[in-house]
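K.L.:
So the sequence lines, in the order shown, correspond to chains A and X. The first sequence stops at residue 345 when you use UniProt numbering, and every number in between is there. The second sequence stops at residue 345 when you use UniProt numbering, and every number in between is there.
Since the hints were made in silico from the structure, they are not lab data. There may be inaccurate statements among the hints.
Stated by the list, open to error - Using C-beta positions, here's what the derived DEER-type ranges look like:
no., chain 1, residue 1, chain 2, residue 2, range
1, A, 32, X, 280, 25 to 35 angstroms
2, A, 313, X, 126, 52 to 62 angstroms
3, X, 33, A, 257, 44 to 54 angstroms
4, X, 175, A, 246, 36 to 46 angstroms
5, X, 119, A, 179, 29 to 39 angstroms
6, X, 175, A, 329, 52 to 62 angstroms
Cβ coordinates follow ideal geometry from the N, Cα and C atoms, glycine included.
Protein chains: 2
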Amino acid sequence: MNLSHPLRGATMARCRGLLDPALRDAVSVLDPWWGRMAAFALGRSDTDGGPRGEADGFGGSSGDGGKGVRPAIALLSAEAVGAPAESALPGAVAVELVHAFSLAHDDIIDRDELRRHRAALWKAYGVGPALLTGDALLALAVGQLAGRPEAMPYLSAALIELVQGQSADMAFESRPWKGPGEVGIDEYAEMAAGKTGGLLGAAAAAGVALGGAPELADAMWAMGRDLGVAFQIVDDMLGIWGDPRVTGKPIYSDLRRDKKTLPVLAALADGGSAARELSALLAAGATDEESVRHAAHLVEEAGGREKAQALADRYVESALGVIDEHLPDAGELRALCDSLVHRVN
Amino acid sequence: MNLSHPLRGATMARCRGLLDPALRDAVSVLDPWWGRMAAFALGRSDTDGGPRGEADGFGGSSGDGGKGVRPAIALLSAEAVGAPAESALPGAVAVELVHAFSLAHDDIIDRDELRRHRAALWKAYGVGPALLTGDALLALAVGQLAGRPEAMPYLSAALIELVQGQSADMAFESRPWKGPGEVGIDEYAEMAAGKTGGLLGAAAAAGVALGGAPELADAMWAMGRDLGVAFQIVDDMLGIWGDPRVTGKPIYSDLRRDKKTLPVLAALADGGSAARELSALLAAGATDEESVRHAAHLVEEAGGREKAQALADRYVESALGVIDEHLPDAGELRALCDSLVHRVN
């Protein structure tokens, strides 16, 4: 998945081996038809219910660097406080279910037709069933931690942050690129910390809490939120400069829909001639192939790519700083978090 | 709201007085635009954000007999075990938020354009925002009880039952009225216990648990599920014989969309000549005004209305039996539960 982090593949495979049976078990309470949709939403099966390609359709070389990362963070966080990874399984299952819930609903909201190289859930089964499957995944996630008050508040906080971040992200789309009402980089960071960071924070916090160190949960929650900002920035970069065959989503789709991604915001903040040209191009509405390609070029010329990577690096350093301070021996967890921000290379 | 239960109005008003500030507080963490949609989903404001008619748009003489019932059950259940009603407020707020969440999503799924005499949330604000507002309401609900392990598992179980019941209800629509694959009355009861009963059960269980009597929570959970079946049957009856000016939803809409409601299932099970004519009419697809009106007439002729009321009575008696056994002095709670099944008279 990431050649610069050879350890990560083994770590992820080990975590998946723990997660998969527990996840399957969690989803098994659903009626068969809904269970199939849930499995599809989790990237575990095709529409016919059969397993997907390698490793039961889970993991594999996908551009979704987030796949399986949240549960792995939960499991490794438990190990980092000296507990068996298994102790964090309810948290790991919960965050993976919430992640699948959010993808299922996001794709309906954004009308995205593709997810993980295939039809989005709503495209495959219809809006109503996809919406309800998302709700089911969320309900099952809550069920995992309902009786665990040391971990449940973090999952709950992540849910609220998730919808707040997603709401902000959606509201940003109708705000201008430049001028009064423009989206500031601080606002972006807050949105990303919620939309992407909350669940990473819940994974880490639930991991240490379930592992017997609830006193570290607040710090790990903050760690996850910083990591989330970095993760989101890298996702934004992949949306512009990533290989669509790897990311599985159409190139420039964020640009086309005026999504306020960090590289573009950073480029516009530059103020130079490329930034001015970019601003004019975006204001005119860059939707055709040539315009968006040129816009992407201008983002890079105005330093948007470089600044985005620098900001992602800063956030990931902050996150790693928390791990180094509280869990100095958490080698695997540290390597995994570090790898998330270097996906683009 | 119900003349045969003069006490109920005072009880509901008292509960609303406790609930409203807590509910407002819970929703206040949302950004203003999303908070307005949440308030709209809760029946507390119009699209312009202003309060609705009487009593801040909450309660009033609506045909939605469920309005405010769930939180009232939570509050009265706490009082029934000798605790102040306030002790159950997090539970009361949670069940009201979950109820609003489920209405917001149900209306998207069913493409219902009207709710509580006005536009459904998705019709007023769009599918994406309505979907996300539903998610926000659910997240806030979970937040209310995240740190309360004596109550949270019941809310969690209700969420799972809710989506399972809703899934079954949706799956029933594409099954035949008669013959192989027909929906049995047992299956209907299971669906209704989940879709409608789970949340009533969670309200009662959370109420006694937060009130300091967690040992009664399982019994109250079962009580609520029975009450829910009765409540759903009465809702089905209102959909056929209720006054649309009171119920706020178009008459016969369930019949038109092949929703497997209890009066129709009971009528078809009768086997007499009216039942056979009804069966043929439904098989041919009764959608025009005259056909559905005639179908409704046949349902009554085949005894569907009578049998539905008898079954609702049986379920409500079972629910009241639990209250009588465990909480013999819970007069207000008992009266409230009893009133739910007599809405139709």
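K.L.:
Against each hint, give a clear statement of whether it holds in the structure.
P.N.:
Structure-based check of each hint:
1. Our hint of 25 to 35 angstroms for residue 32/A and residue 280/X holds, since their Cβ atoms are close to 32 angstroms apart.
2. Range check, residue 313/A to residue 126/X: Cβ separation about 38 angstroms, and the 52 to 62 angstroms hint is violated.
3. Our hint of 44 to 54 angstroms for residue 33/X and residue 257/A is violated, since their Cβ atoms are close to 19 angstroms apart.
4. At about 43 angstroms, the beta-carbon gap between residue 175/X and residue 246/A stays in the expected band of 36 to 46 angstroms.
5. Between residue 119/X and residue 179/A the beta carbon distance is about 33 angstroms. The supplied range of 29 to 39 angstroms therefore holds.
6. Against the hinted window of 52 to 62 angstroms, the Cβ-Cβ separation of residue 175/X and residue 329/A comes to about 57 angstroms, which satisfies the hint.
Taken one by one, the earlier hints fail for this structure at numbers 2, 3, listed in ascending order.
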